[in-house]
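Residue numbers (the working numbering), protein chains in the order written: chain V, -12 to 315; chain E, 166 to 429; chain H, 11 to 289.
Among these hints, one or two may not hold up.
Result set (BS3-like, lysine-lysine): computed pairs, CA atoms no more than 27 Å apart in a straight line [what the hints assert, rightly or not]:
| id | chain 1 | residue 1 | chain 2 | residue 2 |
| --- | --- | --- | --- | --- |
| 1 | E | K349 | H | K116 |
| 2 | V | K74 | V | K153 |
| 3 | V | K90 | E | K349 |
| 4 | E | K247 | E | K391 |
| 5 | E | K349 | V | K74 |
| 6 | V | K97 | V | K60 |
Covered by chain V, per the in silico footprint, the following chain E stretches (three or more residues, Cβ under 8 Å) [claimed, not checked]:
| id | segment |
| --- | --- |
| 7 | 288 to 301 |
| 8 | 320 to 331 |
Over the 12 Å line for every Cβ pair with chain V, so calculated as not near, a few chain E residues [to be verified]:
| id | residue |
| --- | --- |
| 9 | V169 |
| 10 | T191 |
| 11 | E199 |
| 12 | V226 |
| 13 | V249 |
| 14 | R276 |
| 15 | P282 |
| 16 | A334 |
| 17 | G336 |
| 18 | G375 |
| 19 | E390 |
| 20 | L393 |
| 21 | Q397 |
| 22 | S409 |
| 23 | V410 |
| 24 | L413 |
No lab work stands behind these hints: they were computed from the structure.
Given the structure is predicted, the values throughout are model-derived calculations rather than measurements.
Ideal Cβ positions, reconstructed from N, Cα and C, are used throughout, including at glycine.
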Amino acid sequence: MSIDVTGISKRYGDFVALEDINLTLPTGQLTALLGPSGGGKTTLLRIIAGLETPDSGSVVIEGTDATRLPVQKRNVGFVFQHYAAFKHMSVARNVAFGLEIRKTPRADIKRRVDELLALVHLSQFADRLPAQLSGGQRQRMALARALAVQPTVLLLDEPFGALDAKVRKELRDWLRRLHDEMHVTTVFVTHDQEEALEVSDEIVVVNDGRVEQVGSPDQLYDAPASDFVMRFLGDVTTLGGHAIRPHDIDVQVTPQVAGAAEGTVARVLRVGFEVRLTVHTLDGEEVLVQLTRTHARSLRLEEGATVWLSPAEGATVMPRAAALSGSS
Amino acid sequence: MTYVLRVVVVAYLFLLVAWPVSLVVTHTFAHGDEAIRAILEDPDMQSALRLTAIAAVVATVINTVFGVGVSLLLVRNEFPGKRVVSALLDLPLSVSPIVVGLALVLVYGGRNGWLGPSLESAGFQVIFSTPGIIMATAFVSLPLVIREVVPVLHELGTEQEQAAASLGASGAQTFWRITLPSIKWAVVYGVVLTLARSLGEFGAVKVVSGNVLGSTRTATLAVEEKYLNFDQEGAYAIAFLLASVSVLAILVVFVLRSREARHH
Amino acid sequence: MSVSEDVARRAPARRTATHDLTRTSGIGLGVTMIWFSLLVLVPLAAVVATAAAGGLGGFWSAISNEQTAAAIKLTVLSAFAVTVVNIVVGTTISWVLVRDGFPGKKLLELVIDIPFALPTIVAGLVLVSLYGNDSPLGLHVANTEYSVFLAFLFVTLPFVVRTVQPVLEQLDPEIEEAAASLGASRLTTFRRVVLPALVPAIAAGAALSFARAVGEYGSLVLLSGNLPFRSEVTSVRILAAIENDNRSSAAAIATLLLLISLAVIVLLDVVQRRVARRG
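With these hints in hand, go ahead and build the complete structure from the sequences.
Written as structure tokens, this is what we have:
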């Protein structure tokens, strides 16, 4: 087991950042720490790295108790949200930094830096200063810098958070491919559920300083352990007093399924390939429904139409906690 | 309106600063470079200039090491009393140079200062001697490095330092390889301003030096003495030398700053 | 901006433990604080202690000496007048430097810093050459009470300019454009939108300017003639007391100077905070 976190707690004054976190992350796996900002996921990552000290608990990396080890001795690679590029050094010098600290022979440094720059497609920028790179390039440089020292684990703190949507998507795919090639144990923090679902082998949902659920992306999406996890991973609406995803609702223009809820289409909103309906049921619920534009067209849905709604087969449905009821 | 303000500002600065300063130059060279040469050849003046240079350089070195250290502590650490310390560090800018001199005499005076007599019996004279002049100089220019470095350290943040640590760099390695190169220009500005201020200190030095010809007389004290002894030309010549250094200092900072601004 | 403001402004919102010093930084803090105490704090404490040793009566008799009282009055009034001038002129200069563009503007930037870097004794000599007995302008300010005002004006020139300028540079011109689009005249925009944003910086600059003026000595030596009851400032009185080996009297006047500076700094700090809270 690569990273074992046991009983970690951390407070800042009265604010409880983490409370009794227990977690095991297997070697070679790509794990996402997912949750809302302020939920403690970055603190957890920084504790694993040794950039913060926990108030209690222990961190074991590859069988070595790292709890008391300073960050310098943990051999972790850390990638920061805002790149933390060494602004006064060229791209190559940035990547070489960790190797220079380890007194690696000069020829080896040069070879390794060349390899890594090729890996992150920055070979032609080796002599530039970080200020002359785009955000995406800077983050690839930061990644090469972290990988240069052959870390036991690679830790990334919201690595794509500061990038625009398109670059973000590219880098996401690229990180997945890189991981498949290198198999270094990787943990990355994100608040973007799509990013977590798309890239990771396993997702740890962290909220309010606690772990809400651990599982594969599909497990989390199909069987959320709590209302919070369900809401955090995607859109949620209410049908018949149950939480359900808007695209898990079957729409009929005639009553066909027993127990289907009858209602009137109050609003139709077309967004690209998708049609969003707002339906007011006879029970007084406001239900959101998502369907594809072709499906909606075939049903000839218009405002004012009467429809019958029922959960689709295999839909994720969850009894709603009273405290959390109401539209999302 | 803009035009009026521009004219008013230019006229004000011309009358208050530019014209008077330029007169020092014309007075100095009224008879060619004779006056300057006379000053540079006078052994008493040579020793005064040397003392000024030594005091300024030593005070600048002390204030630079102290200033960078204190700035790091203030920005990177939490400790009780931090607010008070940071407020007190600005104090030397608001204290009269004469009060600075008096304060040092009251503590380090050889006859009846708080610590002076014990230091003197240990063979270490402060007041009426070079250490006193250095202390007075260091006192008045104390906050200048800190005022330059603290905002830059804040702006720099800690991410680069954390990144260096995560790559295995020790505290000292991080300081020399990451932090210091990043605050380099702020330190340079601070050093240049400190040096300029130190070369020109007058009041505090006057109190602690005793103004002994050839041993504790600094260049600024010589300006006063020459002027009061009706050697106006000599006074202007030394003033010109001092003014050149200080104008050069702000010129250096000015050029470096605009070059740096272009880079960003 | 002062170091203390800078540090206070960015103090972390969430308080961690009372300190986070490592061993090295702890030793560093110890060494720097010992040096700072030996150089600055203990000597200044000695001034106050020596003044206090004379008792309230001694303190009062030192500062109520007729000649000293006249010097204090002249110093404080001139420093006050100069501060008022600096508030107006210094703000104007920084406005011109930031918002106006003309050839030679860079030179003005340079000229403003000269009084800061110029040795004070040289500053005095400089002013004598234009406003002394051989004045090419025919203005004989030297050896009059106005020489004090002039010298203060020279040495305090950079303070307000250099504190206001960066704030003005940071000020988003869009705010002014928004005010203008809502129908505000340029003057109204300046008074209601720009000025309130500048007040904290102006107050900080004014405080530095006043404190510097009150303690000024070097630039007056050659300019004012140090005429008792006419052009003699407080620093000169302290120096005279030191030279007469009257330490308690020197310490008493010095303590008064420190108190005046402190009062003005605190007063302007309050102004600054009040404005900052309202904004």
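Subject >> Structure-inconsistent hints, enumerated in ascending order >> reply: 4, 7, 16, 17
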